[in-house]
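Dock chain F against chain Z, hints included.
So the protein sequences, as listed, match chains Z and F.
Using this note's numbering, read the first sequence as starting at 1 and increasing by one per residue.
Using this note's numbering, read the second sequence as starting at 1 and increasing by one per residue.
If you are wondering where the hints come from, they were derived from the structure by calculation, not from laboratory data.
Careful, some of the hints might be misleading.
Claimed, not checked - Distance ranges between label pairs, derived from CB positions: (1) Z:His47 x F:Gly210: 25 to 31 angstroms; (2) Z:Ala75 x F:Asn182: 27 to 33 angstroms; (3) Z:Asn182 x F:Gln90: 44 to 50 angstroms.
What the hints assert, rightly or not - Straight-line C-alpha distance at most 25 angstroms; calculated SDA-like pairs for lysine to any residue: (4) F:Lys79 x Z:Val132; (5) Z:Lys79 x F:Pro135; (6) F:Lys79 x Z:Gly133; (7) Z:Lys79 x F:Leu134; (8) F:Lys79 x Z:Ala284; (9) Z:Lys79 x F:Ala54; (10) F:Lys79 x Z:Ala280; (11) F:Lys79 x Z:Lys59; (12) F:Lys79 x Z:Pro135; (13) Z:Lys79 x F:Ala280; (14) Z:Lys79 x F:Val132; (15) Z:Lys59 x Z:His151; (16) F:Lys79 x Z:Glu87; (17) Z:Lys79 x F:Ser190; (18) Z:Lys79 x F:Gly133.
Glycine residues also receive a C-beta, built at the ideal position from the N, C-alpha and C atoms.
There are 2 protein chains.
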Amino acid sequence: MSAVSLAGAPVAKALRAGIADNVARLASDGIVPALAVVVATDNESTHWYVRSIAKAADKAGVDCRIIDLGPTASAEQLKSTLSELSEDRQTHGIILQTPLPDGVQADELVPHIDPGKDIDGANPLSLGRLAVGLPAFAPATARAVVELLVHYDVPVEGRHVAIVGRSAVVGKPLLHLLLERNASVTICHSRSRPLEDYTRAADVVVVAAGRPGLVTERHVAPGAVVVDVGTNVLEDGALAGDVDAHSVEQVASALSPVPGGVGTITTALLLLHTSVAARAAVEAKGPLVSSGTVRSIR
Amino acid sequence: MSAVSLAGAPVAKALRAGIADNVARLASDGIVPALAVVVATDNESTHWYVRSIAKAADKAGVDCRIIDLGPTASAEQLKSTLSELSEDRQTHGIILQTPLPDGVQADELVPHIDPGKDIDGANPLSLGRLAVGLPAFAPATARAVVELLVHYDVPVEGRHVAIVGRSAVVGKPLLHLLLERNASVTICHSRSRPLEDYTRAADVVVVAAGRPGLVTERHVAPGAVVVDVGTNVLEDGALAGDVDAHSVEQVASALSPVPGGVGTITTALLLLHTSVAARAAVEAKGPLVSSGTVRSIR
Numbered sequence: 001m002s003a004v005s006l007a008g009a010p011v012a013k014a015l016r017a018g019i020a021d022n023v024a025r026l027a028s029d030g031i032v033p034a035l036a037v038v039v040a041t042d043n044e045s046t047h048w049y050v051r052s053i054a055k056a057a058d059k060a061g062v063d064c065r066i067i068d069l070g071p072t073a074s075a076e077q078l079k080s081t082l083s084e085l086s087e088d089r090q091t092h093g094i095i096l097q098t099p100l101p102d103g104v105q106a107d108e109l110v111p112h113i114d115p116g117k118d119i120d121g122a123n124p125l126s127l128g129r130l131a132v133g134l135p136a137f138a139p140a141t142a143r144a145v146v147e148l149l150v151h152y153d154v155p156v157e158g159r160h161v162a163i164v165g166r167s168a169v170v171g172k173p174l175l176h177l178l179l180e181r182n183a184s185v186t187i188c189h190s191r192s193r194p195l196e197d198y199t200r201a202a203d204v205v206v207v208a209a210g211r212p213g214l215v216t217e218r219h220v221a222p223g224a225v226v227v228d229v230g231t232n233v234l235e236d237g238a239l240a241g242d243v244d245a246h247s248v249e250q251v252a253s254a255l256s257p258v259p260g261g262v263g264t265i266t267t268a269l270l271l272l273h274t275s276v277a278a279r280a281a282v283e284a285k286g287p288l289v290s291s292g293t294v295r296s297i298r
Numbered sequence: 001m002s003a004v005s006l007a008g009a010p011v012a013k014a015l016r017a018g019i020a021d022n023v024a025r026l027a028s029d030g031i032v033p034a035l036a037v038v039v040a041t042d043n044e045s046t047h048w049y050v051r052s053i054a055k056a057a058d059k060a061g062v063d064c065r066i067i068d069l070g071p072t073a074s075a076e077q078l079k080s081t082l083s084e085l086s087e088d089r090q091t092h093g094i095i096l097q098t099p100l101p102d103g104v105q106a107d108e109l110v111p112h113i114d115p116g117k118d119i120d121g122a123n124p125l126s127l128g129r130l131a132v133g134l135p136a137f138a139p140a141t142a143r144a145v146v147e148l149l150v151h152y153d154v155p156v157e158g159r160h161v162a163i164v165g166r167s168a169v170v171g172k173p174l175l176h177l178l179l180e181r182n183a184s185v186t187i188c189h190s191r192s193r194p195l196e197d198y199t200r201a202a203d204v205v206v207v208a209a210g211r212p213g214l215v216t217e218r219h220v221a222p223g224a225v226v227v228d229v230g231t232n233v234l235e236d237g238a239l240a241g242d243v244d245a246h247s248v249e250q251v252a253s254a255l256s257p258v259p260g261g262v263g264t265i266t267t268a269l270l271l272l273h274t275s276v277a278a279r280a281a282v283e284a285k286g287p288l289v290s291s292g293t294v295r296s297i298r
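Same shape as in the complex, but just chain Z (with noise of 0.2 angstroms):
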């Protein structure tokens, strides 16, 4: 068997096609819907990849500014460009980019973005909203694996898919949004052993542990579906995920490729969040407020 290679670029792609009829019709409310990203290093490869979301919402009609408060920047200084951004009406969507600077906590500062403009998840009120079924932005990685899934017709409900890794950015709110569409779920991590024995018995495997090459082929059922989330930056600056894929594109039907797979729909995910926030805004006729007050924001 060689697996089906589940590129991200057509699945980008047809999300943009939503963000341009959302921008269309925000445009005959004279609305432009506008990102905010707040950035607080000098970090060169943060800086490239911001400055590539600032591109993409240019080409799609989102507005995207970058405020940069230098790696100096205090705790203080970025709570209330938060809270300030939060209660900008002209504000749609807003993103706090990582690393912060040292001493600087991101749990401080998150719960100041409001949920309505949280457009990656990062407010731990936006991942307890998704995990009850209320409206709210899920964090893009974890949502482009579920596009992905969708896009290709690999169907999730009454399917067994086992998500490998428990971060707050992708294991967890993956984890909701697969229960939702009524997948079972397993979640396991650095602690499960041996891994193989959680992984070959889903239909669907997600790979989210930033492990390069820790799923080889004896961790997949024949036939299996397999996602590979992990973006590591190799010594030779090579992009690696979590998954060898030479050995299980051998077992697998279908194996998302990295580079060119989940990693390549996240930017379109934060503009269609943030042309959908702004449609929300409009539709409400009033800025979107915080907790408990979110109206539909999907």
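Relative to chain Z, chain F alone:
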């Protein structure tokens, strides 16, 4: 094999010792921990249950105030009551008791419970904080399962736990409590078929599905530990779990009874949480405040 019975009473007794310790420490600061239970129904069994909490509170040295708004209370009345209690420095724990009046949605009310006083984990922010590992109160029933396992030295680290049921009050928060303890966790539900394929793979099976007799011996691997969270009232008024105890105790190494198991522990946890919330408020020299700034509340 005949399964060991995992009775809840000794667990509740141990928890009451913890409450007594907190109550004594608070007394030296002149503080009596105070719980407010908001009720808006004329349902007889709800009132019976709430009185049972009040009696247990009285015995434990916890002040318990029942705020009965009656079965015709409006959402606005309930919201403002919860907001006032959240701001009231004399109140340390808040429970919003269900059922609610017709047309009133709990979803709209629970965000008004300060997470620092949300001692039954009803606010989605509490679940989100729990999920990302921040201090938060879990729903008492979910934590009761963990306390039962800990009390009887049932290890979960590195072991496979299957949870049957995905509710916001048991399955989902329990999943996060177990992940934090390094268990691998499978969450299954009514769409998981055949159910035994999921449950038989597990070292520990927790059943919280609300269907009497759902789990039988064929669902359980020999020697597994089974925790029954079901509390189903049968036609004859008897209380039945989700587990067919007669058959499961032939294969399981341990089984929690119904009645007399998990349900026995929850009231003690509500009071323990209230005493912990009171201590946190005292130690923080002021009221706990909402989202993001909740101080240590474990």
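Here's how the hints hold up against the structure:
| no. | hint | verdict |
| --- | --- | --- |
| 1 | Z:His47 x F:Gly210: 25 to 31 angstroms | violated (52 angstroms) |
| 2 | Z:Ala75 x F:Asn182: 27 to 33 angstroms | holds (30 angstroms) |
| 3 | Z:Asn182 x F:Gln90: 44 to 50 angstroms | holds (45 angstroms) |
| 4 | F:Lys79 x Z:Val132 | holds (20 angstroms) |
| 5 | Z:Lys79 x F:Pro135 | holds (20 angstroms) |
| 6 | F:Lys79 x Z:Gly133 | holds (21 angstroms) |
| 7 | Z:Lys79 x F:Leu134 | holds (18 angstroms) |
| 8 | F:Lys79 x Z:Ala284 | holds (21 angstroms) |
| 9 | Z:Lys79 x F:Ala54 | violated (41 angstroms) |
| 10 | F:Lys79 x Z:Ala280 | holds (24 angstroms) |
| 11 | F:Lys79 x Z:Lys59 | violated (44 angstroms) |
| 12 | F:Lys79 x Z:Pro135 | holds (20 angstroms) |
| 13 | Z:Lys79 x F:Ala280 | holds (24 angstroms) |
| 14 | Z:Lys79 x F:Val132 | holds (20 angstroms) |
| 15 | Z:Lys59 x Z:His151 | holds (23 angstroms) |
| 16 | F:Lys79 x Z:Glu87 | holds (23 angstroms) |
| 17 | Z:Lys79 x F:Ser190 | violated (43 angstroms) |
| 18 | Z:Lys79 x F:Gly133 | holds (21 angstroms) |
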